[in-house]
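If you want the building blocks of each chain, they are given just below.
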Amino acid sequence: MAGVVKAFGEVTAVDKVDLTVSPGTLAALLGPNGAGKTTLVRIIATLTRPDAGLVRVLGYDVAAHPAQVRARIGLTGQYAGLDEGLRGRDNLVLIGRLAGLQRRHACQRAAELAGTFGLTDAVDRAVRTYSGGMRRRLDLAASLMTRPALLVLDEPTTGLDPASRQKLWAVLAELRAEGTTMLLTTQYLEEADRFADVVHVLHRGRIIASGTAAQLKARVGRQVAEIRLDDPALAPAAVHALARRLSLPPGEIRTESGVGQLTLTAPDGTATLLAAAAALAADKITVADLGLRLPSLDEAFLALTGAAVSQPRSRR
Amino acid sequence: MTAALSHRVARDSSLIAGRQLRVLRMNPARLIYPLVQPLVLLVLFVSVLGNLAVTRQAAAGSYREFLIPGIIIQNAALTAPTTGLALLRDAGSGLADRFRSLPMSRAAVLIGRLASDAMIFAVQAVLLLCAAGLLGFRVRAGLPGLAAIVAVAVAFGLSVAVASAWLALLINDAETAERVLFFPAIAIAFVSSAFAPVGELAGWMQPIARANPVTAAAGLVRSLANEGPAVFPALELGCWVAGLLLVPGILAVRQWQAPS
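As you go down the protein sequences, you meet chains A and B in turn.
All residue numbers for the first sequence refer to this note's numbering, where the first residue is 1 and numbers rise by one.
All residue numbers for the second sequence refer to this note's numbering, where the first residue is 1 and numbers rise by one.
Just chain B, same shape as in the assembly (with noise of 0.2 Å):
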């Protein structure tokens, strides 16, 4: 029963993933922005801020080494509203209810989403590395490190997107969806060590930052790039993520199914 259930589940899950990524191949154009945003991004805060913000550091150059990991991970916080608002879109259409009425897996709606997404993720990722590397980026730990740097990206944006997508489905208006929660990605992306050390923040942010797990991916981005210590990191990063596929994941899938 169980293999059975967890068999399906998979099933469905990689049609509804094959759905995603056949559209995505049949309108190419939905994936410039996704893959134009990351450059975007890099190439404005290395150019305010790279040579801005030495004060405290020895050089420019390392400050770009800090500061470059912190935009990986706020790309993928910025990215991740959009699987939650996808599933909206989605969820208020036939086709929802064409999937409501057939016997599948309930949970496969989301999952499939999040593995056609986590594949977005790894491609921004790979992009900005690529591109970080042009810009003198350099990861010591060679290819394994970049393999880590992009994993880690791609599970901390599919945590974020896990409840972006349980966030979107609770507010049901797509509208007002679109406008709360980018709002949170952008608070959790600047609360954080993703551009300033923790300790260089607002006093009162400071706790926030601690705990935020913007902190704890960009630190360990850092980590995996300096062959710094990664156990801590790992870690905390590890308990964020489970906890936010898991709970706003059963509640997204919950709220998914709810009949009205």
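So here's chain A without its partners, still in its complex pose (with noise of 0.2 Å):
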């Protein structure tokens, strides 16, 4: 896609987004709540129509041809896509008969996909009986109904435990091997991470960084100084003095107020945290604890969306 712009009322919920998926590849879109995740996703799955840009989807554009989009994408939304008051086998027959599969495909692809997905024992009830991991499974088993080209899930763990979160992840990871083509978005990094070939950071409806999980880590991935002050109300000073003899825009420097501790970025490492404790020795300002760290993952992607507070918006 090249250019995509998407807005609702004031908020410009896609903002000249260009993004190529390659086949085969798992794709994973990273961003908070409001980045614009769903929005891409939507106009991708033909759902919603971009205000300017174009979408192409296994070489057919989503404005022109939608339908031919539709016959060989699934989607798994974020809500799942099931009727409750049907069995969960039911569901699996009516989205693939929908999608054009005939009976007798149908009936055997769902008893095959119940069984990849560890529903066997459950097909036969209503979905309404099932738990929120076992309704993700059967909403991706739906979208997996005519194995599609491409494979669009829209934060497919989100609000599941731990223990289902893995059994869904296994089965992605199953597909991948397969060859399936995925675009999925998360909020988490360490799924991103674990998981994508390519991560492209979405914040406020722009993509502003792509690559692969470690490239990312690498432009965020210096370590950092952790500086715990004997005095708390030194605080100011410190920053004051490192700002000074190490050449560092105060603004480089977080303390976290209270508790006198400083934490900086350490670019060459231990010369860094030596250079900081002389420059703090010298100004006789004494040291409780001091040393070095890799960055944590939240650290990572507030490094990326350098916004440390960012403001909440309207979903989609």
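Honestly, I wouldn't trust all of these hints.
Unchecked claim - Here are some chain B residues the structure puts well away from chain A; computed CB gaps all over 10 Å:
(1) 15
(2) 22
(3) 97
(4) 108
(5) 141
(6) 184
(7) 208
(8) 210
(9) 226
(10) 244
Said to hold, decoys possible - To give a feel for the contact side, a few chain B residues facing chain A, derived at Cβ under 10 Å:
(11) 3
(12) 12
(13) 26
(14) 93
(15) 101
(16) 138
(17) 178
(18) 179
Claimed, not checked - Part of the chain B face toward chain A, derived, beta carbon under 8 Å:
(19) 19
(20) 23
(21) 27
(22) 95
(23) 98
(24) 102
(25) 104
Worth flagging that the hints you see were computed from the coordinates, not collected in a lab.
Yeah, the Cβ is synthetic: ideal placement off N, Cα and C, and Gly gets one too.
Reconstruct the complex from the two isolated chains, following the hints.
In structure tokens, the structure reads:
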């Protein structure tokens, strides 16, 4: 897709996004709530029409040939696309048949997928009785009835307990091994990190970083030095001393008010740490503890989005 | 192309209708209200009005004969909004996104819903006719007459149901739609010849009542019951049904698939 824009009233949900997913890969759209992930997914799945830009899915323009696109993709939305009043099996068969399968094929495929997804014992019960994890798995199975060339998943693991999340990921890993192209959205960096071939970080409707998880981490993956002062009241003086002697902009040094803890990026590792210790010693500021550590996932994400405090915005 | 398309519409519609019927089969409690409602309406109206409104009628029996066709049609008008509400409930669910992202016929969602609702309308009409029979209501034309009355109730009910579907999707909020849809249903049921001949209504109501499809439908049911002249009311109702199925039908399907 190229130059895709979608606004809802005043809010620009998707702002000039260019995105390509290579066949056979798993791409992750990573972003906080309101970043525009769901809107992008809905545009790809022909559910939302973009205001501007070109979107081609498997060679078909979504605006000109939505039916061709629909015939080739599978969508697992944020809310399960299932009929609660029907049995699991009926849901799969209904969706398969509406997607164009013959009754016999739909029944076969439903049984097969129920097995793959560990739902064989549950498919003859009403979906209403399913747990959240079972529902997600059935929903994913429904998207796979026709073996889509592209599978689009909108936050497939949000709201699942760790065990259900692991199960779902096992299934997705299997699909990837079979060569299904997948695009999924997630709020969890860890998830994108572990499973995606390419990660696109979406923030306020724009893709602000793309690359493999390793590349993204390398971009923000400098170590940080953590310094705890003996006297928390000296924190402002310490920031001043570090800024002056290491010629750092004061914004680069974060302080945790009250506890006298300072955090700064340490591009030169131990050398930065030693320089910081010397700087503080020169100003006679005593240190209780100091050390180096890798940035947490949250810090990496915040560094990429460049906004520690992102304003809440409406979804989509 | 056209043949393939209409085949697809028919197939997908029957799948959707099958889905609805399966849900009913698995949740038979959902049938209680639609099946009890007509009987309660019948007993209430016949008990309250049946013996009261005899002033200008020769006998209570003949008012009953006038009233019961009115109740059959009124019941269909009051049931019709459930079609719109059910469709709206579907539209807001994840299932709607699933349907919209499938290469299925867009019209099937509405047509399938109507097909399964047609059965409800038919069963309600049959129940009403059976109960009315116990109250002494007779259809002179016998079985063909009864079948024709059921067909009229179904056709009328479906046409109002389509209008309710369009309105519900237009309103796009279940709580508002629930209030908004039942109100016109009640209004068209009362400002008509369902309970009194048009000439007996308040003056300002009469032109509205004369144009009201409820009047045409109730009149047709009366003619079918008494072997009266049926051609003109049948034509009038036919126009209403065709118009309501077509225009709000197309608008409802468009509204359903409208990408946001």
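How the hints compare with the structure:
1. Not every C-beta of chain A lies more than 10 Å from that of residue 15 of chain B, the closest at about 5 Å, which undercuts listing it as non-interface.
2. Residue-level check failed: residue 22 of chain B sits 6 Å from the nearest beta carbon of chain A, not beyond 10 Å.
3. Listed as a non-interface residue, residue 97 of chain B fails to keep its Cβ farther than 10 Å from every Cβ of chain A; the least gap is roughly 5 Å.
4. With a minimum CB-CB distance of about 8 Å to chain A, residue 108 of chain B fails to clear the 10 Å threshold, and the non-interface call is violated.
5. With a least beta-carbon separation of about 40 Å from chain A, residue 141 of chain B lies farther than 10 Å from that chain, consistent with its non-interface assignment.
6. Distance check on residue 184 of chain B: its Cβ is at least 29 Å (rounded) from any Cβ of chain A, clearing the 10 Å threshold; non-interface status holds.
7. Distance check on residue 208 of chain B: its Cβ is at least 40 Å (rounded) from any Cβ of chain A, clearing the 10 Å threshold; non-interface status holds.
8. Residue placement check: residue 210 of chain B keeps its beta carbon more than 10 Å from all beta carbons of chain A (closest about 43 Å).
9. The non-interface label for residue 226 of chain B is consistent with chain A: the shortest C-beta to C-beta separation is roughly 43 Å, beyond 10 Å.
10. For residue 244 of chain B, the non-interface assignment is confirmed: its Cβ lies about 27 Å from the closest Cβ of chain A, beyond the 10 Å cut-off.
11. Interface restraint check: residue 3 of chain B against chain A, minimum CB-CB distance 16 Å, threshold 10 Å, status violated.
12. A cut of 10 Å between beta carbons decides the hint on residue 12 of chain B: the least distance to chain A is about 6 Å, and the hint holds.
13. Contact between residue 26 of chain B and chain A, as hinted, is supported at the beta carbon level, the nearest pair being about 6 Å apart and thus within 10 Å.
14. A hinted interface residue such as residue 93 of chain B counts as satisfied when its beta carbon comes closer than 10 Å to some beta carbon of chain A; here the least separation is about 7 Å, so the hint holds.
15. Against a cut-off of 10 Å between C-beta atoms, the interface hint on residue 101 of chain B holds, since the closest Cβ of chain A lies about 4 Å away.
16. Look at residue 138 of chain B: its Cβ only gets to about 40 Å from chain A, farther than 10 Å, so that hint breaks.
17. Evaluation of the residue 178 of chain B hint against chain A yields a violated restraint, the C-beta minimum of about 20 Å exceeding 10 Å.
18. A cut of 10 Å between beta carbons decides the hint on residue 179 of chain B: the least distance to chain A is about 25 Å, and the hint is violated.
19. The beta carbon of residue 19 of chain B comes within 5 Å of a beta carbon in chain A, closer than 8 Å, and the hint placing it at the interface holds.
20. The interface hint given for residue 23 of chain B is met, as the beta carbon of that residue sits about 4 Å from the closest beta carbon of chain A, less than 8 Å.
21. Below 8 Å, beta-carbon pairs count as interface contacts, and residue 27 of chain B has one with chain A at about 6 Å; its hint therefore holds.
22. Given the 8 Å rule on beta carbons, the hint for residue 95 of chain B holds: about 5 Å separates it from the nearest Cβ of chain A.
23. With a least beta-carbon distance of about 3 Å to chain A, the hint placing residue 98 of chain B at the interface is held under the 8 Å criterion.
24. Nearest Cβ of chain A to the Cβ of residue 102 of chain B: about 5 Å, under the 8 Å cut. The hint holds.
25. Below 8 Å, beta-carbon pairs count as interface contacts, and residue 104 of chain B has one with chain A at about 4 Å; its hint therefore holds.
Violated hints for the displayed structure, listed by number in ascending order: 1, 2, 3, 4, 11, 16, 17, 18.
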